[in-house]
Amino acid sequence: MAECHPVGFQWVMEAKARGAKVFHVDPRFTRTSAMADAYLPIRAGSDIVLLGALINHVLGNGLDFREYVLAYTNAATLVSEDFQDTEELDGLFSGFDPETRTYDPASWSYDEDGGPEPDERREGGRRHAEAAGADRYGSGGAAAPSRPRTDPTLSDPRCVYQILKRHFARYTPELVERMCGIREADFAELAEAITANSGRERTTAWVYSVGWTQHTVGAQYIRTASILQLLLGNMGRPGGGIMALRGHASIQGSTDIPTLFNILPGYLSMPHAHRHEGLDDYLEHEGGETGFWGNRRAYLVSLLKAWWGEAATEANDFCFDYLPRMTGDHGHYTTVMNQIDGTVKGYFVVGENPAVGSSGGRAQRFGLANLDWLVVRDLTLVETATFWRDGPELETGELRTEDIATEVFFLPAASHVEKEGTFTNTQRLLQWREKALDPPGDCRSDLWFYYHLGKRIRQRLTEDEIDRPLRELTWDYPEEGERAEPLATAVLREIGGVGPDGRALSAYTQLRPDGSTRCGCWIYCGVYADEVNQAARRRPGREQTPVAPEWGWAWPANRRILYNRASADPEGRPWSERKAFVWWDEDRREWTGLDVPDFETGKPPDYLPPEGAKAQDALAGTDPFIMQSDGKGWLYAPLGLADGPMPAHYEPHESPVRNPLYRQQANPARRIYRRPDSPYNPPESPRFPYVLTTYRLTEHHTAGAMSRPLAYLAELQPELFCEVSPQLAAEVGLVNGGWATIVTSRSLIEARVLVTGRVRPLRVQDRVIHQVGLPYHWGWGSGGLVTGDVANDLLPIVLDPNVYIQESKAMTCHVRPGRRPRGQALLDLMEEYRYG
Amino acid sequence: MAERMGFFTDTSVCIGCKACEVACKEWNELPDDGFVFEATSYDNTGALGASTWRHVAFIEQTRAVRVEGREEDVDRWLMSSDVCKHCTHAACVDVCPTGALFHTEFDTVLVQADVCNGCGYCVPACPYGVIQRRQDDGRAWKCTMCYDRQLGGLEPACAKACPTDSIQFGPLDELRQRAADRLAGLHADGHTEARLYGESPDDGVGGTGAFFLLLDEPEVYGLPPDPVVTTRDLPSMWRWAGAAAVSMAGVVAVAFLEGRVSGNRVPTGRSLVGRVLGRGVLGGRGLGGRRRW
Amino acid sequence: MRRERAMVPEAEFRSYYGRPVIKAPIWHEPHMPTYLYLGGMSGASSLLAVMARYTGRPRLGRTARIAAAAGSAAGAVLLAAELGRPERFLNMLRVFKVTSPMSVGSWILAAQGGLSAVAATSELTGILPVAGDAAVLATGLTGPLTATYTAVLVADTAVPAWHEAYRELPFLFAGSALASAGAVGLLAAPHAEAAPARLVAVAGAALETAAGVVMERRLGLLGEPYQLGRAGRLMRAARVLTVGGGALAAVSGRGRTLAVLSGLALTAGALCTRFGILEAGRASAADPKYTVIPQRQRLDARAEPSAAPPDEREPANLA
Ligand SMILES: Nc1nc2c(c(=O)[nH]1)N[C@H]1C(S)=C(S)[C@@H](COP(=O)(O)OP(=O)(O)OC[C@H]3O[C@@H](n4cnc5c(=O)[nH]c(N)nc54)[C@H](O)[C@@H]3O)O[C@H]1N2
Ligand SMILES: Nc1nc2c(c(=O)[nH]1)N[C@H]1C(S)=C(S)[C@@H](COP(=O)(O)OP(=O)(O)OC[C@H]3O[C@@H](n4cnc5c(=O)[nH]c(N)nc54)[C@H](O)[C@@H]3O)O[C@H]1N2
Ligand code: SF4
Ligand code: SF4
Ligand code: SF4
Ligand code: SF4
Ligand code: SF4
Ligand SMILES: [Mo]
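Residue numbers (the numbering used here), protein chains in the order written: chain A, 1 to 836; chain B, 1 to 293; chain C, 1 to 319.
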């Protein structure tokens, strides 16, 4: 966190100064470890063992926050008898189809009369998995029955609590020591600290970023932490939670208002060409009827009204048919494969540098070289725009400029200081930025680009029926200045939503399914409340309450802690004075407190839903997780996930060791590309004996186009280097300051050597496992003052099945002293490694 | 004169983000230091210099520590942001022959770029190796404690940028108090290795305007353990030089007087020097007779 | 090389990646050491000129006057060339600061340069002889200062091998200056008038050598930089040349060749000394041990007074 979120890390330091104990779990000793009270070195890719053991520690010793767990989680819920665990099936859950490598989650479901009908369209089912369906749970869970059968004594062997207990029983401190390389004593210290620091009086927070997500089990890493936090009563309470430190500025914003293929604004899923016939059919299959997702018709219709305005009517399903449709996986890596195969002909790359930043750099560039046209919008001439004239494949002779037919259009973009708009941060906080200066020359904001591109396209439209969706689109933002810059505030206001009277709305609860409201993103509804740009508020924290509600605006409804109903006990009283946050005021008969309550203000704690109630009315006064169809925190996910209802430890796709828990070595549902341009290192291969992990440096930014050209940053970390332990250096013959060549079956690259005790060899399964650390910020171009090989050329293309994130944190490699060969010799050596 | 302003750099909370280094360069429009991989942990700028006025040091340490009876390695990664010390008795100011260096109204030490003639004398005079002459520009440069920002009522750029308040800026007296409290706190928490550096007015430079809380010996951070302003010994130096000058004059005088006593042409053994050195040496046969000129 | 072994047992010390703690002097070669030589030569020559004037040695006097003037003029040019901003040379005379040997030195040099120029001009042109004589007399004051202030100039730095040598350096410089001036006398003055120059040369060589030996002894660890590496080679060459030149000077009364050889050897020796001293200063600045170890010892001694090395207990001028 100190490395990649140094500004945010000040709060960790402040917490530390106030007595918080900070643990850091990381394969490398980083700047964060340096500040932590305790540092636990871990083998990359093994966190589920660690977290699972913590869960086991909690369950095994009865340390869970029982009152919270009983009331607010699905611990008591009974699960279908059909469900079989990994413990029974040696690493598989019931419902796995080895043919398609997907699960049918039917058997995972809650115990219901008759049980659910098998349906491949079910959330978590094959079709769902094909389009990274789990991505939409950015704002709530999948559709489960709201009032399933339970056993409040938690003793039924089929209740979630008992299932969990059995499932994690094998995750012991000894296993942690053997698998993660974390000593039992250190584990005990961690376990003691987090349990002692959870409960009524205290809360513990977990903070993670891509060290947890970039794995073939990435989503399940986070699930494991969620289970632990729910068991300890750390969700929805101040000082608790699981903080996802997000990446690029506003990467949170770009999932809320997505740049992803599979979701619409506000985590509504993108309709599927073959699944959804019409609006009603779509709504029927996209989530439950209960909980706040039960209002999804209002959210979607308001979105359609925002986009198609008067043209969207009840009669035409509010133009639902105008929405584009998916046919399956249109994710980044599949698209690249389709480029190589020639089925994707054109490509827009906007604010991204995949030739350097994405796994399998060589495949990325071969894909680009096989396009008809490519549009790149960036601040500098990134490698992705120049690969055809200076890419590494020219040097090896695999590509020749004269043979590359891709027509490249480079359009210079305005940077964030040259335009106005919002950033949405990790805390879901929208913060408005003013423009500091005009962009130089031809540089234009992305808003300008898309708006004017849209206008030009619309000028060329015909009366043809096929053009109707574009013709009828509302595309009329006011423009400003001689460059005709569309007003970003107008866009924000559209996103924030307007009512029948044309006035800005103040909360998503005002959205209507009848087409009378318009809202570009239901979770952002209210950002323009009272016709004020709420995101632009800058009242200093010291001038307001500790929650600082008047600094920026957080979705939803300016709430700073989600599910904060859980900060009070079932009766609505704070769990403790110390942790009081939101509570039920019996006199005023409403929820009140420091934050905006994440609950219907007037719903009393003793509210019980009537039979057949819908949406939020179906949730009781004690159900804090209001986006879930049952209002509960899910210790066990009966559906929605592509790789199992509970996390299980699987080895990374490329691992030097066997999975000691199950015969199933790696995540069975992981996405792999079995094709020659996507080779993999075999597991436990002696050719690739070391663990390779990649990461960032404070001094650079991602693919480097924003830091390599800046002298003040480039001088701080001028060359690509690898970090190795003194032991590995001695074993391989590397010298500090010298050169190393790092090899995988994808490619080989050279890097300077930094020998450091901060990277330690780990004792794993009674073997010493050496790790190689590699930052990935270098490339050959981007106007960089410094250059270096592309770390991503080494990486395999293998993905988590839920959200399609690539496994860039744990793979295997070999290391040789000295620089790499050039030209044909490089290809020869690559072949040698690839085929042994 | 305004209150004495200074820096308290608490290295125990420095996360090595180098924001201070970059902010300083941005504000002061300094040139880069070149792009050289040094293989010294995460430090690739190496030291303070003419174009690096804040420098973050990275020290990787492995210590043997007894934990529950076991010998264990405990890593420490010390990070510390160094800067000009703005000495009370500043050698650079003392030795500057042009008056380019002076103490400002904030009691900070400043080079006037329009006066400095690049004599470079301040460079080896500084006991901390801070100030340096810039190759292309020819003048000496160092931290100004953001004199310009202070005039405008702003805190220095490096302190402003520091996310963890490792760099604290303020009236020196206040900072000393804060530092003492922090030190006491750390000691109470068992961090007995924590110490202050430069805060004492009794040290060799009369205390520094920028002082530090360190977690190891100063030299580990590249700081001198017991710096002394070189001009402390200057009176003595002048005396010794004076003595040497007088001796010189004496030697010459004696040489000539000897020469006169012993006559122009034929030095004899009767002279003082002759007696000391022996006649054979200086006299010799017929020296005078073989006059050439 | 046997002579290059460390003179003091290798002491344990800690540092930041072996990087220097202080900045090495940025003075260049040949500028700075040549200037040190010229300053010394000029200063001592002035003394010769004064004495020549009053002991009736016109030819020696003329030589010395010219040498003094040329030395300080050339020295000033070299000094200006050392500046990062030579066009701002005159800023040296913006202030007069006793705390700055360079400031004091600039004024001394200005005086010495001006006076010796007047003296030499008068001598060569024959005009204003009274003024010329007065100027010569005045250089009797500025000369020795010109020759010795440079020792303070280098000692008044944080460079350990220089600073700690502040007692001996002035004598070393004085001796070297005398030898240099004597050498000029030997080379350029008529044999008949050169006897005092010979004496000065011999005495200078002796003084320089003695001061050097004492200095290196007393400095202990900090004597090392004068003995190792390039500095060591220069200092050894200087010693050989100076001792040899001095010996030759002693017998140079016997012949012109000897005198010329002696003059050349002493000049070369004086130059080597100055180059060696610059190099030794640089070396002692570049290796953190010379900064750290003595300071550490000082601290330890302070913590445990009885353990103080005698040298450190000497009452310093605690300003
Ligand atoms: N300075 C800077 N800041 C940035 C960025 C940048 O490039 N530079 N990028 C931004 C972006 S886009 C993002 S996504 C974030 C990412 O922020 P982070 O996630 O903090 O970034 P990384 O350095 O990629 O990875 C974090 C750590 O995960 C560790 N790690 C690897 N594998 C494992 C594992 O299996 N378990 C555990 N526990 N740890 C593991 C790595 O050693 C590394 O230290 O940072 C953002 N902030
Ligand atoms: N090996 C390895 N690979 C990784 C990771 C890893 O940890 N290890 N991390 C992954 C992660 S989390 C990320 S986020 C990716 C990042 O990888 P990329 O997104 O491919 O790389 P960036 O360098 O962040 O590219 C962003 C580009 O946007 C440009 N830009 C900035 N502002 C604007 C703007 O306003 N408009 C436009 N049009 N362009 C702009 C910048 O100049 C820059 O070139 O890398 C991924 N790849
Ligand atoms: S770069 Fe910006 S977003 Fe990232 S830590 Fe610094 S201030 Fe925060
Ligand atoms: S640290 Fe050096 S440059 Fe800074 S004031 Fe002190 S002597 Fe001068
Ligand atoms: S270099 Fe400039 S600042 Fe330094 S002593 Fe010389 S004139 Fe003064
Ligand atoms: S005070 Fe100003 S000049 Fe000095 S280091 Fe900080 S930013 Fe740089
Ligand atoms: S900005 Fe602060 S935390 Fe970052 S390196 Fe500088 S002193 Fe350390
Ligand atoms: Mo990211």
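Read the hints as simulated data drawn from the structure, not as lab findings. Remember, predicted model here, so these are calculated numbers, not experimental data. The beta-carbon is built from N, C-alpha and C at its ideal position, and this holds for glycine as well. Each hint should be verified, as a subset may be incorrect.
Across the chosen pairs, the derived CB separations fall in these ranges [unchecked claim]:
| no. | chain 1 | residue 1 | chain 2 | residue 2 | range |
| --- | --- | --- | --- | --- | --- |
| 1 | B | Q135 | A | R578 | 22 to 32 Å |
| 2 | B | S200 | A | R18 | 21 to 31 Å |
| 3 | C | A303 | B | G190 | 15 to 25 Å |
| 4 | B | Q135 | C | A303 | 57 to 67 Å |
| 5 | A | D828 | C | P86 | 55 to 65 Å |
| 6 | A | L487 | B | G152 | 30 to 40 Å |
| 7 | C | P86 | A | H452 | 49 to 59 Å |
| 8 | C | P86 | A | E482 | 26 to 36 Å |
| 9 | C | R14 | B | R178 | 34 to 44 Å |
| 10 | A | E395 | B | R178 | 54 to 64 Å |
| 11 | A | K16 | C | A303 | 26 to 36 Å |
Within a straight-line C-alpha distance of at most 25 Å, the following computed SDA-like cross-link-like pairs (lysine to any residue) qualify [what the hints assert, rightly or not]:
| no. | chain 1 | residue 1 | chain 2 | residue 2 |
| --- | --- | --- | --- | --- |
| 12 | A | K345 | A | N370 |
| 13 | C | K97 | B | F58 |
| 14 | A | K455 | A | T396 |
| 15 | A | K21 | B | F58 |
| 16 | B | K160 | A | P412 |
| 17 | A | K435 | B | F58 |
Problem - Those earlier numbered hints the structure runs against, lowest number first - result: Result: hints 1, 4, 8, 9, 13, 14, 16, 17 break, sorted rising.
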